[in-house]
Amino acid sequence: MSKRFVFYGVLIAFILIAPFILPDFKTQLATLWLMIIVAITWDMTGGQMGYNSLGNIFFYGTGMYVAAIIAIAIAFDVGEYTNAFSDTIYKFTDTQYFLGAALGVLGAGVFCALCALIIGYITFGLRGPYFAIGTLGVAIAGGELVSNWDWVGGGQGISLPVYPYDLEGGKVFFYFLFAGTGVAAFVFAKWLYSTRFGAALNAIRDDEEKAEAMGLHTMRYKLIAWSLSAFFVGIAGGISAFQLIHFEPLETAYQTINLGIFMVVCVLLGGKGTLWGPVVGAIVFHLFKEVTWNYFLGWQWVALGTLIVVTVVYFRDGIMGWLVRVRPEWFGIRVESREREATS
Amino acid sequence: MSEIIQIQGVSKTFGGVVANNNVTLSVNKGDITGLIGPNGSGKTTLFNSIVGYHPIDSGSIQFEGREISRKSVQDIARMGLIRTFQQTRIYGKMNCVKNMLISLPHRKMSLLESFKQNSEQDFEKADRLLEFVGLYEKRYLNAGSLSFGQQKLLEFAMALMNEPTALLLDEPTAGINPTLINGLIDRLKRANSEFGITLFVIEHNMRVIMNLADRIYCLAHGELLAEGRPEEIQNNQKVIDAYLGEH
Numbered sequence: 000m001s002k003r004f005v006f007y008g009v010l011i012a013f014i015l016i017a018p019f020i021l022p023d024f025k026t027q028l029a030t031l032w033l034m035i036i037v038a039i040t041w042d043m044t045g046g047q048m049g050y051n052s053l054g055n056i057f058f059y060g061t062g063m064y065v066a067a068i069i070a071i072a073i074a075f076d077v078g079e080y081t082n083a084f085s086d087t088i089y090k091f092t093d094t095q096y097f098l099g100a101a102l103g104v105l106g107a108g109v110f111c112a113l114c115a116l117i118i119g120y121i122t123f124g125l126r127g128p129y130f131a132i133g134t135l136g137v138a139i140a141g142g143e144l145v146s147n148w149d150w151v152g153g154g155q156g157i158s159l160p161v162y163p164y165d166l167e168g169g170k171v172f173f174y175f176l177f178a179g180t181g182v183a184a185f186v187f188a189k190w191l192y193s194t195r196f197g198a199a200l201n202a203i204r205d206d207e208e209k210a211e212a213m214g215l216h217t218m219r220y221k222l223i224a225w226s227l228s229a230f231f232v233g234i235a236g237g238i239s240a241f242q243l244i245h246f247e248p249l250e251t252a253y254q255t256i257n258l259g260i261f262m263v264v265c266v267l268l269g270g271k272g273t274l275w276g277p278v279v280g281a282i283v284f285h286l287f288k289e290v291t292w293n294y295f296l297g298w299q300w301v302a303l304g305t306l307i308v309v310t311v312v313y314f315r316d317g318i319m320g321w322l323v324r325v326r327p328e329w330f331g332i333r334v335e336s337r338e339r340e341a342t343s
Numbered sequence: 000m001s002e003i004i005q006i007q008g009v010s011k012t013f014g015g016v017v018a019n020n021n022v023t024l025s026v027n028k029g030d031i032t033g034l035i036g037p038n039g040s041g042k043t044t045l046f047n048s049i050v051g052y053h054p055i056d057s058g059s060i061q062f063e064g065r066e067i068s069r070k071s072v073q074d075i076a077r078m079g080l081i082r083t084f085q086q087t088r089i090y091g092k093m094n095c096v097k098n099m100l101i102s103l104p105h106r107k108m109s110l111l112e113s114f115k116q117n118s119e120q121d122f123e124k125a126d127r128l129l130e131f132v133g134l135y136e137k138r139y140l141n142a143g144s145l146s147f148g149q150q151k152l153l154e155f156a157m158a159l160m161n162e163p164t165a166l167l168l169d170e171p172t173a174g175i176n177p178t179l180i181n182g183l184i185d186r187l188k189r190a191n192s193e194f195g196i197t198l199f200v201i202e203h204n205m206r207v208i209m210n211l212a213d214r215i216y217c218l219a220h221g222e223l224l225a226e227g228r229p230e231e232i233q234n235n236q237k238v239i240d241a242y243l244g245e246h
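One line per chain: the protein sequences are A and B, in this order.
According to numbering that gives the first Met the number 0, the first sequence is numbered sequentially starting from 0.
According to numbering that gives the first Met the number 0, the second sequence is numbered sequentially starting from 0.
Since the hints were derived computationally from the structure, they do not count as laboratory data.
These numbers come from a predicted model, not from an experiment.
Glycine is no exception: its CB is placed at the ideal position from the N, C-alpha and C atoms.
Just to be clear, a hint being listed does not mean it is correct.
[Said to hold, decoys possible] Ranges between beta-carbon positions, derived for each pair:
1) L21(A) with Q86(B): 52 to 58 Å
2) S144(B) with G124(A): 31 to 37 Å
3) I332(A) with S109(B): 55 to 61 Å
4) F287(A) with G182(B): 53 to 59 Å
5) P327(A) with S109(B): 32 to 38 Å
6) S85(A) with S109(B): 34 to 40 Å
[To be verified] Here chain B is said to cover these stretches of chain A; the calculated rule only asks that three of the stretch's residues, wherever they fall, bring their Cβ under 8 Å from a Cβ of chain B:
7) 78 to 85
8) 195 to 202
[Said to hold, decoys possible] Calculated Cβ distances over 10 Å to all of chain A for the following chain B residues:
9) K28
10) G29
11) K97
12) E112
13) N117
14) A173
15) N176
16) I196
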């Protein structure tokens, strides 16, 4: 118990001082937290519930747009602000900026949670690969719809104001926004998986028909799980909108081929259906990606593809799944009965 | 005694195959009712119709006086009518205790309660029922690593965990070690008498069903061939012919 206490204590201390002892990597670390958030939330449905969504990026993109629109709407008229032919310069006051960011990010989370309920109601009729393709379709359609919607800037996207104070301070600010959300998502997931609700998600994953035959409210549980996961992704998207300052629909917001796939790879690498898997996977994946992008430029996609193939073929349980198999006692998994433990 | 499941003129065809033809039977509350018949006589189809796995072509199925032939599997399960499967279905990647805890009756749970952790009573109940079916020693094993017979017992325990009003068992003794069968008959009877669960049992083992059931229905070629007390069925010439292939 105390060992665990020390472990979490050191971890939290590191999270708090990381941007100060690694000042050149503040934005990198913030991006790492983003990966951790989307990986943890992807695993809520993908790993724990067995519904592999390729469309969670929809909530990231939607979160960005909702946060930006709320922030702009507080101060200005959205249609005029995003008008490409306008030459007006819009200046946000500090209050407008921070109030907009706070309301925007929260609003993004809530809006995405509602979206997940509606989209889930339609797509949860699909199972297995059909669900994956169906949700991918939703994400692609979302990007295309938004990029043709002039009121939100069309294909040009939206530019948001820059952090009003010192820019290095801004990087720390965004680091802590992401880190806070990431820690909250982790703690939330840890709690959720310990409840009856979490067990019901596992039941849906292992045998949904059986779960139905036992009278579990499967549709209700699926919708709530996806909605909770979308809430955090929406918040992460909202923070990203302010961090990136400018974003456009297809490559940044609804980036199905980048972050949309990366989050799945992170979870597969770390271990599906485990609490730490997505976190470990996100860290390893992000390091791997940045190293190859920096030192093997030109070969980065080949390296990434190789990583995916090796993971899928040789480490189907991921890093944590492999650890659980070889060291079950580290995870408190009991195989022997209590009597035998007492005698041994 | 009141009838808990009433089946009136139920027919079900799959393409040109008539699986159930105008079957009428009823299960009395608190009884153990048996359903026998040669392979392919439509027993499992009838079970599937009752629990809503597929729509029936015609007829009516009532549970506690309410029509359920148009309801979904989950709705019927939430009314307290639970079935076990011929090919057992358990959550293979989890240990037995977790299998049991998942089987808590969610119909009696509000959404808020489902966000709570399992209470000490839940664990005790799971242990007690695993003890009841004789799997207590194996409770931390992955359910998937149990033998087929043990998985059947686990599925039975999971069904009891769900506190059903009526339980439909599809061949509870198939694949179970013959030396354990007497114990299982005893447990089924105790589930019926102590927990007050109405049982409707498909069974091929004549010795089991004759010992177990208060009343037996016999299906052949999708039609109801005979009904009666075990000794009546045992001596019914039509039933004997059906089993020996006189049809």
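Going down the list of hints, with the structure as the test:
1. L21(A) with Q86(B): 52 to 58 Å: holds, 56 Å
2. S144(B) with G124(A): 31 to 37 Å: Roughly 33 Å apart at Cβ, these two residues keep to the hinted range, so it holds.
3. I332(A) with S109(B): 55 to 61 Å: violated, 31 Å
4. F287(A) with G182(B): 53 to 59 Å: At 56 Å between Cβs, range holds.
5. P327(A) with S109(B): 32 to 38 Å: holds, 35 Å
6. S85(A) with S109(B): 34 to 40 Å: Given a distance of about 53 Å, which is not inside 34 to 40 Å, the answer is violated.
7. 78 to 85: violated (count 0)
8. 195 to 202: Answer holds; 6 residues pass the 8 Å Cβ test.
9. K28: Holds, because the least Cβ-Cβ distance between K28(B) and chain A comes to about 20 Å, which exceeds 10 Å.
10. G29: holds, 21 Å
11. K97: Not fine: 7 Å to the nearest Cβ puts K97(B) too close to chain A.
12. E112: violated, 7 Å
13. N117: violated, 6 Å
14. A173: Non-interface label stands for A173(B): nearest chain A Cβ at 18 Å, farther than 10 Å.
15. N176: For N176(B), whose nearest Cβ neighbour in chain A is about 20 Å away, the distance exceeds 10 Å, so it holds.
16. I196: Holds, since 15 Å exceeds 10 Å.
Checked against the numbered hints above, the structure breaks hints 3, 6, 7, 11, 12, 13 and satisfies the rest.
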